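Could you build the full structure based on these sequences and the hints that come with them?
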Amino acid sequence: MQSNWDTLWQHRDLFIAGLANTIVLFLLAAGMSFVLGCVLVYLLEGRDNPARRLLRLLMDLMRMLPFLIFIYLLYYGLPALGLRLQAWNAGLIGLTLYYGAYFAEVLRGARLVLPPGSLEAAYAHGYRRTKAFFRIVLPQLCMRTRGETGNLLIMCLKDTSFLLIITVAELTAAANTMSSQYFIGTEAFVVAIALYWLLGIAIESLIRWCRRFGRARGFEHD
Amino acid sequence: MTDTPAVSIHNLSKSFGGIEVLRDINLTVARGEVVSILGSSGSGKSTLLRCVNWLEQPDRGEVRIGGARMGVDEATGRPLSARALAAMRARTGMVFQNFNLWPHLTVLQNVMEVPVHVQGVARARARERALALLAKVGVADKAEQYPHTLSGGQKQRVAIARVLAIEPQVLLFDEPTSALDPERVGEVLAVMRELAEGGYTMMVVTHEMDFARAVSDQVVFLEQGKIIEQCAPEKFFTRPETERVRRFLELEG
Chain A
2 MQSNWDTLWQ HRDLFIAGLA NTIVLFLLAA GMSFVLGCVL VYLLEGRDNP
52 ARRLLRLLMD LMRMLPFLIF IYLLYYGLPA LGLRLQAWNA GLIGLTLYYG
102 AYFAEVLRGA RLVLPPGSLE AAYAHGYRRT KAFFRIVLPQ LCMRTRGETG
152 NLLIMCLKDT SFLLIITVAE LTAAANTMSS QYFIGTEAFV VAIALYWLLG
202 IAIESLIRWC RRFGRARGFE HD
Chain B
971 MTDTPAVSIH NLSKSFGGIE VLRDINLTVA RGEVVSILGS SGSGKSTLLR
1021 CVNWLEQPDR GEVRIGGARM GVDEATGRPL SARALAAMRA RTGMVFQNFN
1071 LWPHLTVLQN VMEVPVHVQG VARARARERA LALLAKVGVA DKAEQYPHTL
1121 SGGQKQRVAI ARVLAIEPQV LLFDEPTSAL DPERVGEVLA VMRELAEGGY
1171 TMMVVTHEMD FARAVSDQVV FLEQGKIIEQ CAPEKFFTRP ETERVRRFLE
1221 LEG
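Sequence order for the protein chains is A and B. Residues 2 to 223, numbered by our numbering, are exactly what the first sequence covers, in order. Residues 971 to 1223, numbered by our numbering, are exactly what the second sequence covers, in order.
Just to be clear, a hint being listed does not mean it is correct.
Here are a few chain A residues that sit away from chain B, every Cβ distance over 10 Å (derived from the structure) [unchecked claim]:
| id | residue |
| --- | --- |
| 1 | Ala18 |
| 2 | Ala21 |
| 3 | Ile24 |
| 4 | Pro51 |
| 5 | Leu55 |
| 6 | Leu82 |
| 7 | Ala88 |
| 8 | Gly118 |
| 9 | Tyr124 |
| 10 | Arg130 |
| 11 | Ile137 |
| 12 | Met144 |
| 13 | Asn177 |
| 14 | Trp210 |
| 15 | Phe220 |
Far from chain B, some chain A residues (derived; all Cβ distances over 10 Å) [as the list claims (entries may be wrong)]:
| id | residue |
| --- | --- |
| 16 | Leu15 |
| 17 | Ala52 |
| 18 | Gly186 |
Short, incomplete list of chain A residues facing chain B, as computed with Cβ under 10 Å [what the hints assert, rightly or not]:
| id | residue |
| --- | --- |
| 19 | Pro116 |
| 20 | Ala122 |
| 21 | Asp160 |
No lab work stands behind these hints, which were simulated from the structure alone. Computed from a prediction, not measured in an experiment: that's the story for all the values here. Beta carbons: idealized from backbone N, C-alpha and C, even for Gly.
Here it is in structure tokens:
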């Protein structure tokens, strides 16, 4: 008599492929959404005007949209407007836009409380806007938002599992297939959870390792 | 060109929210001259300094650095392009009350940052020069440390090295010792005195009367946004013309 675990082991390729998909989607989405967040905060630099108010409104609307509905619309809704995305691409775009808005908001929060002196010194020394932002302001914002960044990365990892509903063959989809085809849902999902935990622990370790940068510069304390 | 003043200020006025903080200021600073700007807090002296490098834009009047108009395109009368304004600002170097070092960079990186990333100086040359400047202000041994590990006096000396690295024509000091512990004031003033003796043109907003008296060539006293006395330090401190300055000198001891 074959146990459920044996059945799972026989179909390990499914899990490995799903895990690989999850990791690739997460890495790309995390990187691209972080860059998008940085660009958005840069665009918000300066005096408040209608364009910046609109941008903030769009960021808020994105953050307040349930992610599941958002990707559902990206994949199943956009074709009605003549734009048909492949499931994997729709998933990546969805994660990037969604977490881009979150990263922007986290960085914006840090920007609002950044002491103005270092930027003023940059201008007094002959800096122009763009270079002053990317060389003087942004590095400080990144070092001051380590904790929130770690949080967002873990949420981004977990939200890749929503891509199941638009047919992306990621880790949760692999577990779901085992559940529906071989009726071993419990074991399959336990394995999936274990793998998400491992990935999460890896992310958290990396974030903890980054602590040294802030500590050396006096942004964080023991 | 040596007779072109390092800084000339004509009919400068500036208001914040309807309150006039600078009223019709005229001031000329010759090359190599040290001008101390005195006055009680709120008299407009910091604003005056910040109008010189256009961190504040005056409402009226003009500022010239080495003859070139600050902030305004001479030909069109319009604001300078961002590029031209940045270049003009780099002709002046400002030292701030709160140092404003870049906390994410080491001391050495702070001093190399502008030469390498704005002025296009080769990294090796910028590094050599930065180390020399750090030695000049006496903090060479702190080169690899981050600013937060330094004392106030050390931070301010690093800030001075950072500003010297951009090779400005005029140094602007905005209350450079006001945020320091009393026992740290002397080390910063010593560096400033050395710069003055080295021929730098300096505008110094300060409450250090001994420094103003010993080092400056000219003392300017601001009261409610107007210059009410402007003379050599010897006359200012011994024979002031106004009752206001006499009272100020008594209070400052």
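Status of each hint after checking the structure:
1. Ala18: At roughly 41 Å from the nearest Cβ of chain B, A/Ala18 sits farther out than 10 Å, so the non-interface label holds.
2. Ala21: Label holds. Min Cβ-Cβ 36 Å, cutoff 10 Å.
3. Ile24: Since the minimum Cβ distance to chain B is about 30 Å, A/Ile24 lies beyond 10 Å and the statement holds.
4. Pro51: With a cut-off of 10 Å, A/Pro51 remains clear of chain B, as the shortest Cβ separation is near 22 Å.
5. Leu55: Non-interface label on A/Leu55 holds, nearest chain B Cβ at 24 Å vs cutoff 10 Å.
6. Leu82: Label holds. Min Cβ-Cβ 39 Å, cutoff 10 Å.
7. Ala88: Nearest chain B Cβ is 41 Å from A/Ala88, so the label holds.
8. Gly118: Incorrect as stated: the minimum Cβ-Cβ distance to chain B is 4 Å, not above 10 Å.
9. Tyr124: 7 Å, violated
10. Arg130: Since the minimum Cβ distance to chain B is about 7 Å, A/Arg130 lies within 10 Å and the statement is violated.
11. Ile137: 6 Å, violated
12. Met144: 6 Å, violated
13. Asn177: With a cut-off of 10 Å, A/Asn177 remains clear of chain B, as the shortest Cβ separation is near 45 Å.
14. Trp210: 18 Å, holds
15. Phe220: 7 Å, violated
16. Leu15: 45 Å, holds
17. Ala52: 18 Å, holds
18. Gly186: Holds: least Cβ distance 49 Å, greater than 10 Å.
19. Pro116: 8 Å, holds
20. Ala122: 4 Å, holds
21. Asp160: 31 Å, violated
When the structure is compared with the earlier hints, violations turn up for hints 8, 9, 10, 11, 12, 15, 21 and for no others.
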